[in-house]
Amino acid sequence: MNTAAPTPLAEARDVVKRYGPTTALADGRITVLPGESHALVGRNGAGKSTLVSVLTGLQAPDAGTVRFDGAPAPALADRDGWRRTVACVYQRPMVVPGLSVAENLFLDRQPLRRGLIGWRRLRAEATALLDTWDVRVDPEARASELSVEECQLVQIARALSLGARFIVLDEPTARLDSREIERLFTRMRALQESGVTFLFISHHLQEVYEVCTTVTVLRDARWVVTAPVADLPRAALVEAMAGEGAGTGAHRSAGGPRDPAAPVLLDVRGLTARPYRDVRLTVRAGEVVGLAGSSASGKAELAETLAGLRTPLAGTAELAGERLPFGDVRGCLAAGVGFVPRDRHDQGLVPGMTVGDNATLTVLGALGRFGLVRADRRRALTGDLVRRLDIRTEGPDQPVRELSGGNAQKVVMARALASAPRLLVLVDPTAGVDVKSKESLLARVEDARRDGTAVLVVSDELDDLRRCDRVLVLFHGRVVAEHPAGWRDHELIAAVEGVDHG
Amino acid sequence: GSTADTGAGGTGGTGKVGVILPLLTSPFWQSYNDYVPRMAKSEGVDALRTVNSGSDPAQQITDIGNQLNQGVRGLVVAPLDSAAIEAGLKQAARKGVPVVAVDVAPDRGEVAMVVRADNAAYGEKACAYLGEHVGSGEVVQIMGDLASVNGRDRSEAFRACVKKDFPELKVLEIPAKWESDTAAAKLDTLLNAHPGIKGIYLQAGGVYLAPTLQTLKSKGLLKKAGTAGHIAIVSNDGIPQEFDAIRRGEVDATVSQPADAYARYGLHYVKAAMEGRTFRPGPTDHHSTIVRLPGGILEDQLPAPLVTRDNVDDPALWGNTVG
Amino acid sequence: MADTRAPAQPPATRRAPGQARALLIRRARELALLPALLAVLVIGGFVNDAFLTERNLVSVLGSSAALAMVVLAESLVLITGKFDLSLESVVGIAPALGALLVLPAAKAGFGTELPTALALSAVLLVGAAVGLLNGLLVVKLRLNAFIVTLAMLIVLRGVLVGATRGKTLFDMPDAFFAMATGTVLRVPVSVWVAAAAFALAGLTLRHHRVGRALYAIGGNPEAARAAGIRVDRVMLGVFVTAGVLAAVGGIMRTGYVGAINANQGQNMIFTVFAAAVIGGISLDGGRGTMSGALTGVLLLGTVDNLLTQAQVQAYWIQAIYGGIILLALMLARLTTGRAQD
Amino acid sequence: MADTRAPAQPPATRRAPGQARALLIRRARELALLPALLAVLVIGGFVNDAFLTERNLVSVLGSSAALAMVVLAESLVLITGKFDLSLESVVGIAPALGALLVLPAAKAGFGTELPTALALSAVLLVGAAVGLLNGLLVVKLRLNAFIVTLAMLIVLRGVLVGATRGKTLFDMPDAFFAMATGTVLRVPVSVWVAAAAFALAGLTLRHHRVGRALYAIGGNPEAARAAGIRVDRVMLGVFVTAGVLAAVGGIMRTGYVGAINANQGQNMIFTVFAAAVIGGISLDGGRGTMSGALTGVLLLGTVDNLLTQAQVQAYWIQAIYGGIILLALMLARLTTGRAQD
Ligand SMILES: Nc1ncnc2c1ncn2[C@@H]1O[C@H](COP(=O)(O)OP(=O)(O)OP(=O)(O)O)[C@@H](O)[C@H]1O
Ligand SMILES: Nc1ncnc2c1ncn2[C@@H]1O[C@H](COP(=O)(O)OP(=O)(O)OP(=O)(O)O)[C@@H](O)[C@H]1O
Ligand SMILES: [Mg+2]
Ligand SMILES: [Mg+2]
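Protein sequence lines correspond, in order, to chains A, S, X and F. Taking this note's numbering, the leading residue of the first sequence gets 110, the next gets one more, and so forth. Taking this note's numbering, the leading residue of the second sequence gets 3, the next gets one more, and so forth. Taking this note's numbering, the leading residue of the third sequence gets 13, the next gets one more, and so forth. Taking this note's numbering, the leading residue of the fourth sequence gets 13, the next gets one more, and so forth.
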């Protein structure tokens, strides 16, 4: 085995990376062989993204070595060297908001004409590239105008077009709908055939089995195991990640509504705005209703309307008989709406503030008299939420900026739960959350529902929707289908994509 | 020795003296600053290093406080503002430290003596010169900072004198905030709109001389005195470069602010005050007169001669004694 | 191929012991300037005997009080993620208008001769009005705060010169000077007021929901809005508060100087920003504490005092002052190991 | 339920028709100030016959050239997402050191009496050195750019006063004045140089990779680094370039004024920021164009000229100037419908 082993395409050994008092990586190891598709999995905060940033030259490790093709990695400042070696889609958005989509796609490698940038060629190449990904955006549009999904696709398109032989994808699918994911996998397979090697990170384990050949597991900042995916069935993989024997349970479905006679809590009638029309839906107390649809269906806008972030053109929504004050977030909060927004970077978190601050941002008025925010009560509430949601953090005083992606997402959920809402509106609540945490996150949704909370889950994550008592499908702004629990995957996917027949 | 009675008390004439400057970015005050140690030696005063208030009246109060905390027995201050110095004077009075004010007479407060040449007189002299030599037409005054007492007094005196004595003159104004580039740009602009300008009064030669000459030169309007189309220029300060320009015939006159005398008599009076001497109105032994101002303050009005081609080489002028 | 497995070892215990230390480090960052401040004090003690006397230290405080108020005001605006350059002109225009209302026409006043209490309220009102105007332009019209308040600064400087016709205002009622001249326990009232204002602001920022809202808005206005914070209203409130605080600073300066010069406050904003930013207030918003800002003010005041006492040549004093600020920054950088961008 | 399904239409076709309009809007935004500028020109023409004469317009250009260079320099730094306040002091210190090297000791020089060409190169070198120092402190030591360059500004102001001992420097060789006094086609050389510099910078920013890198760094430095841009090196280069450009601006100002005063450049930075930000350069980095910055410079220059010609009462001129800037901002806001924050 040793004699026949080819030179690894990329190899990291004994990598240590610390951020102040946090050890993000204590024993980072990975060996990626040429031509394989290597999965990197681990729970939130295990150190995956840290390993990626070391492997792509974004940060120098505190200790350890990185080698490519047997040769030492380029110096940190040698950006060209790194760019030739490896391409990456980072977990955090890495676009320049003020530049056009076309330029973002070809940043620092714009086609030149006599030393200057050939805008025409740039536009043409960008258009072609976007077309291959079927991204319907104007290449001249600013990147800041893109939706989360479009932004992610643009970054994927960029990374895959760089011509590198080694491509790292850090949770590329967390923000994509199923059709977009399928398109990504098709491209990946094509590139694999032409000899491109992938390092792929995802919390959707079925994706690991679908596209990867080898898997490396990190746990608590340490390398745990590397094995062919075929040798690690799902249960073993989860065990390796979590460090304990645990049933996967991800496919458990919710069963019917607990109490079909429960009173209707949320009653939405004739709601109309730009991206959706004449929406009518109801959610009973203790009921979990899913709202599915592609990224362009208007589902996220509908959710934002209910949270008070938008004012619709027409229609009403009543929560327990009271009209929701549209366009008034505070009013909606007071009325009992808890909200997890679509993008944690955008509306979800204040990165510079601590976990405690972020988690209690919606309930600042309730932590003491005269508007005082009592530190002990904030600490207690935060501690409780951190425990319940299993957030991996140094403590409530750690800035959210320093959390790993999935843990940050849990803080957003904590913020929504902190106000003990009567209606929970969750948009993509488990984006970037690891399998175990997803369980606990969804279990918290279960808890809430048991307490009589109405829950609206806006997502196209089948795992999220499976827990719903029924799923509504939004297509081009209209509710086109309703599936009671027990639907089969392909039915729902077909409905979401608008190809079902009734 | 000037007109002074020897009295009792005081600090016995010994002890350190603090000297506070208003700013250092003008050639005039820079000369004054250079004179201070020299004059201190000749007057036998133990002067500390000068302190610069950097054009900030509040800083000046702080500077006074700092000097007093260091135990100075006398202060020579060139106030930035006639009113906004009172708080500083009060502090000194509380400690029994005599103060001599240079260049600006405080509106109120206790000072042993004010040593100054009258700012209003500068404006009047310039007005009189221009009035006599230009007669009628448009004249420009390039003003200082309107928020400074020096600039204000010169501007108002010039304006008032023109109105009263030379109504044929029409005054155009450039508020230039003691900034040379502002002066250049605005003079340039005015010359476009008023090609017939006949005279210019520069309220500070140290700042405005170069931009004025440069602007006139680049517009082809810099003619020697006596030739046709010459624009009469009266400047204010008395620095060597103004004298050179007068010799070249580019500038007609300047009011010489006596930087040397400021330093000398500032220190002289503070020493006298520390010795407990007091003073009376009347002529002095150095060609000046002590007058009692309306507020009861005594002021030694130093002569500020108008320098023209005729007396520009007078070796007694301070501008002829520095490099 | 490697199906090698790591030996089952306990997960690196990262939580418990690290937590206290991390908190300590984070707190230390807020007071990054303290070592620099201490260094200046010690050096000062050696350089000049008069430096560490009570009298001198009270002088430092008294001369810094007005600056401190404006730094406080600016810090609040900066934490909210905005700018207010016009605060320096409020320091001049607010007390000046108050004085004009109370002074007789013979003393360059408007001749309205309002009662003193009314005139003093007018001072605060002017500050509030300027803040409100800035706030409306920034919050409602969505103009850029930096440039709006820069234009406002120019306008107000002009109005001050225009309204006073460049004259210095004096002979106001004693109440105008009381803050700087009155003392409690031998320390000027202005110092106590500034200290109280800092303490109150510090408490509010740390322990009141309004304070937390400022940080949230400065850190990510979108997230703040989504969390139910009325971003526009809070921002308006901050601009108004800053205006009022600067007006109080203006009264302090008036008392300190004993008169109102037509360029009162001019160029102060540089020092204000220096103190705030040295003290750890971020220009990007969302970061900084009152204790930090206060150390910034004290450092500048102390260095200034020290340089005067050290008999540095007047020509070089400014260069040395700037150099010391640079050194203090580097020292803060090294002692906290934190990048400052 | 609902089998009423929307026809399978592609979501809002954003390409073909929208594209031209979007581009137009984008271009219009860069020149948001043009309406305001035109308004000032038209009003000026009515107010005063001399205003729209060739001679007067050349005056406006000549007096704005030095400012334009510094605005250009600052814009480059701002686009990269940093600040450089010390540029205003480079305008003073760089030509002053050059002059001191060439002047004899009798005229307050160092007495080295270097040849003119060397002294002029020294001017540029001083600019570059200051830029490099700023850059190193910001890029390598990771100090905050605002506060580093503010401290540098104070240091350099002090050095200028110290090195000249407060004196005004006269009588430099003619080459020091040539840019402002020499003319080509009746327009001063300085104007041509500034125009060329703007054109070159505009071209580079729009059509060269280095220029695009500035926007990328200003917009998202991490993304820029990930895309292979040598962020540190580019940033250093920008600081050095800005220093050199400001030094050139300093020579222009020296020529325009005919001497170097010990406060040359002082307070200029306010005007520089005003011009840049009014012209659409974002303080957050990553946004703004050279044509916008240029309209900002021209607007300020024109308004200033107009007010002088109109002989507005000296006491109120500043207030009116500030008011016009505010109006121009609102006009720009209304004509482009763009929020400016
Ligand atoms: N800039 C930082 N400062 C401090 N701590 C950090 C920083 N970045 C990451 N960490 C910490 O390092 C650890 C590993 O984070 P990392 O982002 O690598 O996790 P991850 O495996 O990618 O998790 P996820 O699946 O949630 O993305 C976490 O505990 C995190 O809090
Ligand atoms: N900053 C930019 N971002 C994206 N596209 C740009 C940018 N600047 C210019 N372009 C594109 O370049 C095209 C031509 O612009 P411009 O006329 O300024 O350049 P040019 O060099 O003359 O190009 P061409 O030779 O193609 O006409 C525009 O239609 C625009 O789409
Ligand atoms: Mg990650
Ligand atoms: Mg073209």
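The hints are simulated quantities; they were obtained by calculation from the structure and are not laboratory data. Hints are not guaranteed to be accurate.
As the list claims (entries may be wrong) - In silico DSSO-like cross-links for lysine-lysine, where the CA-CA straight-line distance does not exceed 27 Å:
# : chain 1 : residue 1 : chain 2 : residue 2
1 : S       : K92       : S       : K18
2 : S       : K219      : S       : K200
3 : F       : K152      : S       : K43
4 : X       : K119      : S       : K92
5 : X       : K152      : S       : K166
6 : S       : K165      : X       : K119
7 : S       : K172      : S       : K200
8 : X       : K152      : S       : K179
All figures in this text were calculated on a predicted structure; none of them were measured in a lab.
Results of checking the hints against the structure:
no.	hint	result
1	K92/S to K18/S	19 Å, holds
2	K219/S to K200/S	15 Å, holds
3	K152/F to K43/S	50 Å, violated
4	K119/X to K92/S	21 Å, holds
5	K152/X to K166/S	52 Å, violated
6	K165/S to K119/X	24 Å, holds
7	K172/S to K200/S	10 Å, holds
8	K152/X to K179/S	35 Å, violated
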